[in-house]
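J.: The primary structure of each chain is shown beneath.
2 protein chains.
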Amino acid sequence: MKQVSVGVDIGGTNTAIGVVDESGHVLTKDNIKTPDHGDIDQYIQDLSAAIRKLITNAKMLNENLEVLGIGIGAPNGNYYNGTIEYAPNLSFEGIVPLVELLKKHFDDLKAVALTNDANAAAIGEMIYGGAKDMKNFVMYTLGTGVGSGLVVNGDLVYGADGFAGECGHTTLVPGGRLCGCGALGHLEAYCSAPGMKRTAFELLVKYNANNSLLADKSYKELNSKMIYDAAVQGDKVANEVFELTGHYLGQGIADTVHHLSPEAVFLFGGPTAAGDLIFKPTIKSMEDHLLPIFKNKIKVLPSKLDAGDAAIVGASALVWKELE
Amino acid sequence: MKQVSVGVDIGGTNTAIGVVDESGHVLTKDNIKTPDHGDIDQYIQDLSAAIRKLITNAKMLNENLEVLGIGIGAPNGNYYNGTIEYAPNLSFEGIVPLVELLKKHFDDLKAVALTNDANAAAIGEMIYGGAKDMKNFVMYTLGTGVGSGLVVNGDLVYGADGFAGECGHTTLVPGGRLCGCGALGHLEAYCSAPGMKRTAFELLVKYNANNSLLADKSYKELNSKMIYDAAVQGDKVANEVFELTGHYLGQGIADTVHHLSPEAVFLFGGPTAAGDLIFKPTIKSMEDHLLPIFKNKIKVLPSKLDAGDAAIVGASALVWKELE
Numbered sequence: 001m002k003q004v005s006v007g008v009d010i011g012g013t014n015t016a017i018g019v020v021d022e023s024g025h026v027l028t029k030d031n032i033k034t035p036d037h038g039d040i041d042q043y044i045q046d047l048s049a050a051i052r053k054l055i056t057n058a059k060m061l062n063e064n065l066e067v068l069g070i071g072i073g074a075p076n077g078n079y080y081n082g083t084i085e086y087a088p089n090l091s092f093e094g095i096v097p098l099v100e101l102l103k104k105h106f107d108d109l110k111a112v113a114l115t116n117d118a119n120a121a122a123i124g125e126m127i128y129g130g131a132k133d134m135k136n137f138v139m140y141t142l143g144t145g146v147g148s149g150l151v152v153n154g155d156l157v158y159g160a161d162g163f164a165g166e167c168g169h170t171t172l173v174p175g176g177r178l179c180g181c182g183a184l185g186h187l188e189a190y191c192s193a194p195g196m197k198r199t200a201f202e203l204l205v206k207y208n209a210n211n212s213l214l215a216d217k218s219y220k221e222l223n224s225k226m227i228y229d230a231a232v233q234g235d236k237v238a239n240e241v242f243e244l245t246g247h248y249l250g251q252g253i254a255d256t257v258h259h260l261s262p263e264a265v266f267l268f269g270g271p272t273a274a275g276d277l278i279f280k281p282t283i284k285s286m287e288d289h290l291l292p293i294f295k296n297k298i299k300v301l302p303s304k305l306d307a308g309d310a311a312i313v314g315a316s317a318l319v320w321k322e323l324e
Numbered sequence: 325m326k327q328v329s330v331g332v333d334i335g336g337t338n339t340a341i342g343v344v345d346e347s348g349h350v351l352t353k354d355n356i357k358t359p360d361h362g363d364i365d366q367y368i369q370d371l372s373a374a375i376r377k378l379i380t381n382a383k384m385l386n387e388n389l390e391v392l393g394i395g396i397g398a399p400n401g402n403y404y405n406g407t408i409e410y411a412p413n414l415s416f417e418g419i420v421p422l423v424e425l426l427k428k429h430f431d432d433l434k435a436v437a438l439t440n441d442a443n444a445a446a447i448g449e450m451i452y453g454g455a456k457d458m459k460n461f462v463m464y465t466l467g468t469g470v471g472s473g474l475v476v477n478g479d480l481v482y483g484a485d486g487f488a489g490e491c492g493h494t495t496l497v498p499g500g501r502l503c504g505c506g507a508l509g510h511l512e513a514y515c516s517a518p519g520m521k522r523t524a525f526e527l528l529v530k531y532n533a534n535n536s537l538l539a540d541k542s543y544k545e546l547n548s549k550m551i552y553d554a555a556v557q558g559d560k561v562a563n564e565v566f567e568l569t570g571h572y573l574g575q576g577i578a579d580t581v582h583h584l585s586p587e588a589v590f591l592f593g594g595p596t597a598a599g600d601l602i603f604k605p606t607i608k609s610m611e612d613h614l615l616p617i618f619k620n621k622i623k624v625l626p627s628k629l630d631a632g633d634a635a636i637v638g639a640s641a642l643v644w645k646e647l648e
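Chains as they are written, first to last, in the numbering used here: chain X, 1 to 324; chain V, 325 to 648.
Quick caveat, the hints were computed from the structure, so don't treat them as lab data.
Don't take every hint at face value.
[Stated by the list, open to error] Result set (DSSO-like, lysine-lysine): computed pairs, CA atoms no more than 30 Å apart in a straight line:
(1) V:Lys427 / X:Lys321
(2) X:Lys297 / V:Lys530
(3) V:Lys428 / X:Lys135
(4) X:Lys280 / X:Lys103
(5) V:Lys427 / X:Lys132
(6) V:Lys326 / V:Lys428
(7) V:Lys427 / X:Lys297
(8) V:Lys428 / V:Lys377
(9) X:Lys135 / X:Lys280
(10) V:Lys621 / X:Lys321
(11) X:Lys132 / X:Lys295
(12) V:Lys326 / V:Lys353
(13) V:Lys530 / V:Lys608
(14) V:Lys326 / X:Lys135
(15) X:Lys321 / X:Lys295
(16) V:Lys621 / X:Lys103
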């Protein structure tokens, strides 16, 4: 029998699901929409059906599969309790006992476990990616929100109540932009994909830049991919969006370095596909903000996991860990 | 034989030395000046002489003492290498191999070890103080600078190179006050004792407050104790200094909570003797900056160690740990 686990990555927009083998290879995967109407019961039904279907598909490819469990990465996911609690980018309200609800549909599996989606990505990086030989590193995930997974002495940091690693909610700009969580000036409001859009419109306003390639998109329409496309075409506003995003991100990463003294910081998620456009200003800003003892020591690296699979693979790794 | 260790706390102004027993009781202690002229050889001689004298004194009280080793807490102290590296508040330049230099004077002892002064205080809190039953907590030390010691899963966080826990150098105010380290807007520039003085003069200027009790002190003369004395006498400027210091400190602590999800944050050092004056605005500001998942969960507590002894006791605890 070939043993596999199911990895589930719950994002603000999509939920990605994959069947993953012990070496971190994704055998088959699928996506469903994460609902924006907050109906958790309907979501659990849809998610369970999608997982069942995916397992069936995987078994058609190899009938000797044994599915051991389901690992879930979710914003504000609490590893200790198996709950999603007050996630600012999800429409589910209050505390959602996701593991308990999902177990009702999968009482045949040996393990159902959940953590922060960024923690899951960090576990994936540690087991299969660029952090294989590292005991102290940090992963920042840039997407609809900004998450982070912190690894100290080879272990993920969960903290006293399971919620450690919310670096996206450190304050970068006192009294600054409204964050999805309700506070002001958090990193996520500047360095997420929507944060980049906000920066783009701030710059359009600042320069009254009617000639920018970004000037013919509505506020609702513009996204970070469009900003990237404009930047590589030489659009000044788009390029300055990346400069500023890197500036903010570097400030935040420096704060994390001052806390934890990591060997490396991995960046993961859509905006990091822009390569040097985002990495160069991020590294420059980080160095500018660092104490002399940390300067020119900290590696800032792109995640080595496939863009679409890191969170799935990381989430699935939770299962192997549960069964250790 | 009664086994003891020597704890040394190197501060920007004074170096405190104590002989400490296994239960954390300081048997005898002394102070020497930390030099401001940067002569490390003279300092090592003075420090060694002071330690020898203190050991002699302790043995006069109890001739059955066995001194096991010396534990040192120092700013930018590197546990892994036994060095002090580029400490912004000390006059020693570059990398000082303190453990190596001190061992030449004490080759009869079983252990000489060094860490960050705030890490040392955190170890003291964990072994003898208010964090005895905690696995995840943070200690902020407010003095000439601001240090911090981070404990995750019952262990001190040293990071990849031994320098973790420099929370005093997170950026609170982008482009703000010049920090001792050369960067702008760091927490230490606002929440240290000199930071409070800077805030006091900022407020004297803002209100042109000639009638404040603080208005007849020179810039060089004013210190945090004078600000405290004026605050308890009802001086408005002095009270606002504590409000603002707490506001800044709470912002910084919230960033730390978002990283590590600690059970509690301990505050240690001169300014914390002001009690509610500093704790109330700190807690309010921290709560204002926290994600909902952390609100009303995190204890902010005064250190339970004697004000003068926490760093000595913590440093001495390093010795017991080395010999475990």
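J.: Failing hints, ascending?
T.: Per hint list: 1, 2, 3, 4, 5, 14 and 15 violated.
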